[in-house]
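Visitor: Below, each chain spelled out in residue letters.
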Amino acid sequence: MKAIYNYIKEILQGIWTLLTGMRVTAKYFFTPWKHVTQQYPENRDTLKIADRFRGEVIMPHNENNEHKCTGCGICEINCPNGSIEIITKTLVNEEGKKKRAIDQHIYHLGMCTFCNLCIKACPTGAIVMGQRFEHAVWDRTLLTKVLNQPGSKIMEGVKE
Amino acid sequence: MAFNIYDFTTFTKSIHDGLSSQLSPTAVLAIEWTIVGLAYLLFVALFGLFLVYAERKVCAAFQQRLGPMRVGPWGLLQTIADFIKLLMKELITPKNADKFLYNLAPFIVIIVSFLVISVIPFAPGLVTFDFDIGIFFVTAVSSVGVIGILLAGWSSNNKYSLIGAMRSGAQIVSYELSVGLSLITMIILAGTMQISGIVEGQRDLWFIFKGHVPAVIAFFVFVIAGTAETNRGPFDLAEAESELTAGFHTEYSGIKFAFFFLAEYINLFIVAAMATTVFLGGWMPLHFGDFEGFNQIMDLIPGLFWFFFKVLAVMFLMMWFKWTFPRLRVDQILNLEWKYLLPINLFNILLMAAVVLFGLHF
Numbered sequence: 001m002k003a004i005y006n007y008i009k010e011i012l013q014g015i016w017t018l019l020t021g022m023r024v025t026a027k028y029f030f031t032p033w034k035h036v037t038q039q040y041p042e043n044r045d046t047l048k049i050a051d052r053f054r055g056e057v058i059m060p061h062n063e064n065n066e067h068k069c070t071g072c073g074i075c076e077i078n079c080p081n082g083s084i085e086i087i088t089k090t091l092v093n094e095e096g097k098k099k100r101a102i103d104q105h106i107y108h109l110g111m112c113t114f115c116n117l118c119i120k121a122c123p124t125g126a127i128v129m130g131q132r133f134e135h136a137v138w139d140r141t142l143l144t145k146v147l148n149q150p151g152s153k154i155m156e157g158v159k160e
Numbered sequence: 161m162a163f164n165i166y167d168f169t170t171f172t173k174s175i176h177d178g179l180s181s182q183l184s185p186t187a188v189l190a191i192e193w194t195i196v197g198l199a200y201l202l203f204v205a206l207f208g209l210f211l212v213y214a215e216r217k218v219c220a221a222f223q224q225r226l227g228p229m230r231v232g233p234w235g236l237l238q239t240i241a242d243f244i245k246l247l248m249k250e251l252i253t254p255k256n257a258d259k260f261l262y263n264l265a266p267f268i269v270i271i272v273s274f275l276v277i278s279v280i281p282f283a284p285g286l287v288t289f290d291f292d293i294g295i296f297f298v299t300a301v302s303s304v305g306v307i308g309i310l311l312a313g314w315s316s317n318n319k320y321s322l323i324g325a326m327r328s329g330a331q332i333v334s335y336e337l338s339v340g341l342s343l344i345t346m347i348i349l350a351g352t353m354q355i356s357g358i359v360e361g362q363r364d365l366w367f368i369f370k371g372h373v374p375a376v377i378a379f380f381v382f383v384i385a386g387t388a389e390t391n392r393g394p395f396d397l398a399e400a401e402s403e404l405t406a407g408f409h410t411e412y413s414g415i416k417f418a419f420f421f422l423a424e425y426i427n428l429f430i431v432a433a434m435a436t437t438v439f440l441g442g443w444m445p446l447h448f449g450d451f452e453g454f455n456q457i458m459d460l461i462p463g464l465f466w467f468f469f470k471v472l473a474v475m476f477l478m479m480w481f482k483w484t485f486p487r488l489r490v491d492q493i494l495n496l497e498w499k500y501l502l503p504i505n506l507f508n509i510l511l512m513a514a515v516v517l518f519g520l521h522f
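So the protein sequences, as listed, match chains A and B. Per my numbering, numbering of the first sequence is gapless, rising by one per residue and ending at 160. Per my numbering, numbering of the second sequence is gapless, rising by one per residue and ending at 522.
Since the hints were derived computationally from the structure, they do not count as laboratory data. Heads up, some of the hints might be wrong.
[Said to hold, decoys possible] Once the Cα atoms are required to be at most 20 Å apart in a straight line, the calculated EDC-like pairs of lysine to aspartate or glutamate come out as:
1. Lys27/A with Glu215/B
2. Lys153/A with Glu95/A
3. Lys499/B with Glu156/A
4. Lys99/A with Glu66/A
5. Lys98/A with Glu156/A
6. Lys319/B with Glu401/B
[As the list claims (entries may be wrong)] Partial list, derived from the structure: chain A residues whose beta carbon lies under 8 Å from chain B:
7. Lys9
8. Ile11
9. Leu18
10. Gly21
11. Met22
12. Thr25
13. Phe29
14. Pro32
15. His35
16. Val36
17. Thr37
18. Gln39
19. Tyr40
Using N, Cα and C, we set each Cβ at its ideal position, and we do this for glycine too.
Here chain A stands alone, though its shape is the one from the complex:
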């Protein structure tokens, strides 16, 4: 008797769980305006990319064309696949003191795996991940970028 009771209970429980699942999909089906997919090229103008999306490594500059990069080269060391090359130059300030500065922060987008290690390692927060994701180009040399803008210099007060 117990076995028959359990058998019937099992069937009813099974039906109940199946109906629960079907209720979930029915809710999805009858609320079609809540689609999670988007029509990409059409919605380019209104597209909102999440802040944490890792599109590319960028170096933010302020309005005076200044950045925070000291040229320390820690990002270059931390990059697991050598996408970053740091070329430094030596500046002499008014007091005649020599100081290292970034000349070219070269970033090979084609080799980057967007692992975020360079950003975590940067002691001054000079590089961040940008949200731009449309990286297709006709020539792969275009994927090699110089992150610091021409004529830019380091911000006041950024300590090494």
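Dock chain B against chain A, hints included.
Guide: Below, chain B alone, put in the same frame as chain A:
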């Protein structure tokens, strides 16, 4: 030509009479066969294309996606583009395949589907064959389809195909029982195996209402077993992509693959159409006993529309659980059949017999 959307008997008869007055009986028969064959081909091709599109859209909606949107407005031309692509593809035969059986298999599968479709009444007078043993014919012929699947798997010389075909064989042979038994349950209520008789018996009330509890159980058993018979999800382990690439049709390409694909969707239509015919009254409008006004309003909608409306509703149900439930393992599938569906079904036949014997139905 007397064309009447409510009853096609006069329409078909006028064609027959028109031809008979001009030609010899043999020629009339040949021409009628050709017309019927072409009509079925056209119907299957167009409805197949529509079904593939519908399935993709419905599936997308269940998964909060949009589905095909690029080819034509709302992706309406997507399946036509896919079909053209399939037509232009090369037909590849694997090395060391059994060439004859390999080429034969898709035709067996699709011919079986066509055979079953021929007994389904679409509307009054719109049916090719009306046997005394219509239901028996359907169950008998639809089980031949498994031979095509087994041949496809065996002759492809591919381990995935073989495993898929064997799974499919085990599954179809088991679920054939449930399909047959659930139909027998309804035959007890209908008192006939002739499909036109079954539809006619539902003039006052559809069998699913007439037979109340046992009929509802039989309906759900039939839909579950029918889904398993057509190798559709969640019973699609014969072509489980993640394990067997595509199961028995892994090696097929181009139009031969399209045959398997089309046959799968025709089988979906057949299961839905059989469920409609046996449980939901076929082309019969929704009638409730003595409500004359209501019945007359329902009579205004032609039988053809009733039939397709009900078929699409059953198809929607099948798509609904296909895209909700995860795929069953092979042991779970056999458990479901032999431990649950079969005992329920046997008990249900007894219940239905008692209901009919004591006149407990409506």
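Visitor: Hey, does the Gln39/A contact hint survive, CB to chain B under 8 Å?
Guide: At 7 Å from the nearest chain B Cβ, Gln39/A passes the 8 Å test, so the hint holds.
Visitor: If you draw a straight line from the CA of Lys499/B to the CA of Glu156/A, is it 20 Å or shorter?
Guide: Answer violated: Lys499/B to Glu156/A is near 78 Å, above 20 Å.
Visitor: Return the status of the interface hint for Lys9/A: holds when the least beta-carbon distance to chain B is below 8 Å, violated otherwise.
Guide: violated (13 Å)
Visitor: Does the closest beta carbon of chain B sit nearer than 8 Å to the beta carbon of Tyr40/A?
Guide: violated (11 Å)
Visitor: Please verify that hint: Gly21/A, Cβ, nearest Cβ of chain B, below 8 Å or not.
Guide: holds (5 Å)
Visitor: Quick one, is the Ile11/A hint okay against chain B at 8 Å, beta carbons?
Guide: holds (6 Å)
Visitor: Is the interface hint satisfied for His35/A? The criterion is a beta-carbon contact with chain B at less than 8 Å.
Guide: At 5 Å from the nearest chain B Cβ, His35/A passes the 8 Å test, so the hint holds.
Visitor: Does Leu18/A hold up as a contact with chain B if the rule is Cβ-Cβ below 8 Å?
Guide: holds (7 Å)
Visitor: Let me know if the C-beta of Thr37/A comes in closer than 8 Å to any C-beta of chain B, holds or violated.
Guide: holds (5 Å)
Visitor: Taking only the CA atoms, is the gap from Lys319/B to Glu401/B under or equal to 20 Å?
Guide: At roughly 14 Å apart (the allowed maximum being 20 Å), Glu401/B and Lys319/B satisfy the hint.
Visitor: Verify the interface restraint on Phe29/A: the C-beta must sit less than 8 Å from at least one C-beta of chain B.
Guide: holds (5 Å)
Visitor: Using 8 Å as the Cβ threshold, decide whether Val36/A counts as touching chain B.
Guide: holds (5 Å)
In summary, the numbered hints that this structure violates are 3, 7 and 19.
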